[in-house]
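Protein chains in written order, with this note's numbering: chain V, 416 to 905; chain A, 8 to 183.
Derived from the structure by calculation, the hints contain no laboratory data.
Pair ranges (Cβ atoms, derived): (1) A:Leu108 <-> V:Asp440: 32 to 40 Å; (2) V:Arg659 <-> A:Glu14: 48 to 56 Å; (3) A:Leu108 <-> V:Thr660: 53 to 61 Å.
Computed footprint of chain V on chain A; a stretch qualifies when at least three of its residues, placed anywhere within it, have a C-beta under 8 Å from a C-beta of chain V: (4) 35-43; (5) 153-164.
Taking lysine-lysine and the BS3-like style, the derived pairs with C-alpha atoms no more than 27 Å apart in a straight line are: (6) V:Lys879 <-> V:Lys804; (7) A:Lys122 <-> V:Lys879; (8) A:Lys115 <-> V:Lys879; (9) A:Lys115 <-> V:Lys793; (10) V:Lys902 <-> V:Lys843; (11) V:Lys829 <-> V:Lys879; (12) V:Lys879 <-> V:Lys809; (13) A:Lys171 <-> V:Lys804; (14) V:Lys809 <-> A:Lys115; (15) V:Lys829 <-> A:Lys54; (16) A:Lys171 <-> V:Lys879; (17) A:Lys122 <-> V:Lys792; (18) V:Lys804 <-> A:Lys54; (19) A:Lys122 <-> V:Lys793; (20) A:Lys115 <-> V:Lys792; (21) A:Lys115 <-> V:Lys804; (22) V:Lys902 <-> V:Lys680; (23) V:Lys829 <-> A:Lys115; (24) V:Lys804 <-> A:Lys122; (25) V:Lys809 <-> V:Lys792.
Quick reminder that beta carbons are idealized off the backbone N, C-alpha and C, glycines included.
So the chains spell out like this:
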Amino acid sequence: MSARDSDSELQRLLTELFDGALDNDSATRLQQRLSTDADARGLYLDYCEMHAALAWEHGQVIVDIEPVAVPPEPWRLRASMIWLAAMAASLLLIGAASWWLDDTHAVPSGPAIASIEQRIDAKIVAGGQEWNRDALCKGSYDLRQGLLQVKYNTGVTVCIEAPAQFEAISADRLVLHSGRVSANVPAEGIGFTVETPEADVVDFGTEFSVEAGTGESEVHVFDGHVQVQPKALPDQPTETVDLRTDQAVRIADATHQAFGIDLAKDRFIRSFVEPKVQYVEAVRALNPTAYYRMPIRQRGLLCSPADYSGQVLIGEGQRPACAPGFVGSSLRVGGRSIGRGARVENTPEIGSQFTLMAWVYADGRPNNAILATNVTKKRGCFEWTLDDKTGRLKIRVDNQNGDAVECFDTEPIKLQTWQHYAATCDGKILKLFRAGRMIDSKPCVPISKQASQPLYFGTNWRGKHLWEGRIDEFAIFDYAVSEEQMKELL
Amino acid sequence: MSDHQLEFVQLLTSHQGRLYAYVISMLGNPDQARDVMQETNAVLWQKSDDFQSGTNFAAWMMQTAYYQVMAHRQKMNRERLVFDDAMTAELAEVAAQRNDLMEQRHAKLQDCLAKLSDTHRDLIRARYQDGFELAVIAQTMNRKTNAIKQALFRARAALIDCVKLNSDDALTGGSS
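Using the sequences and the hints given, assemble the complete structure.
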């Protein structure tokens, strides 16, 4: 029987099994159904396979695959952490939805409170209509898509990432109902306050980020000093907390008490400016032919040199096509973002000797997900992808005879962490590196030079096999960077 | 890591989806299946020197998993088990017969996900990527939990039909 033709009882039993809890009566009934009905048994097994495939593909099944006898405890710990993360995210959505449903908003009016300095694929709705002005007036806003940077007269700069619901109150106060904001506050802006449902966050000259709407608020201080004042509950005093550089707290709605958490350096978009740091300077010292630092731009994919710049591809979604990177920002692809990768028409030639190098961050391991490729139809010479069976990163290069040479990582790509990968070819040997260490190599006959081919990041030329995560600091060289040079970079 | 260990890691990694499906089939409980899967991996590692390159890894893995499921059943309170011994053995046999085809079906999953309606794809993402409970998904989408249950069932059903038949017709059901 077709999966969609199953009866309502079987649907209920399978839903309870995979999405809830199967009670004893339902378990007994499922056993009866499967023992007497071959079609039901077939559908049950189909469901088991599909659930397993989806869970594995989306990184829900995390197992320790190591050459030791691993007790089950780490799995349970990780499973519980995933569960907690899911719960937190769930609460975020509940909070966001209820706030929006309960409120009716007027169109913001009056004098401008802050100017909108940059919109990156931003869709703002206020008072039921799209807000296209270049300033925020007093009122409520729903940032449904993209990224916004606003600046106050005091010099305070705030980045707001979709999805977010907020109110512009005054030049020194922003109410964040849900979402993420990051503020950079100069001396003139001291006292700038971000109010969340759980607390007031008062700044004393600093850089900090706030996330709200999870039934709790988080405050992360990257530099300077802020004061967190949890809102008082009836008959229950709350304590003000002073936070300094590299400190973070969470305030739960139920208790309004702050407790310390780890600083989230990877979560918030804090600046539109790409910082110059040691890694970047070290890469530049190796003279890349093209260096994509993935700075935040409206649709643009900037390259140094600019001749090789390209286009960020956009689709449906909410979060911007950029995200915090290993350095500055990164290209975000897939998931809930509008990012669908990037395309470069005019590309540097990739010939018999080359190096491809990038920082990558995976949120999942989709089959054949593309990190980068210049293959279109039957042309092009390299694909840097996840292996369809194992979730390992692999580099595939076509040699002169048209045969494919492949180098593989030894383990599935780690999720939710930045990793440095590089692939090099010196005209004789193709090598794959992780964290500066060579992990695979194969003889590779020099690749014939080809006419310039479009280059794709995070997608193939058909817009399929999307990467699920982020790509940063992608550099291309016309020679093979050595292992020693690689280690010095890192 | 030796060449043998490298090959072993690759085989173990590439069979994790199949292992999870096989163990869930026998237990009828995703949480218990994860624990047994982890225990099975540990046992496979302990016996990795016994594995001979070129032999049927999947068959060896499933045999080991079967014994781990049986050991797990011995430890568990009967009330927490979904199936009796006879049904477990029967499901193990049928699931093992189908397991070889899973790889082929899994390869079509991305294409089939892309063909889902937007609503169904969002549901799958909320459930598997974000790990949301159905009640939360319902609240977010401003729909009743029962409607989400049915829609999620249909989304999975459409994917099952698609990976088995790879037919576009299976995916035109739209959202519900």
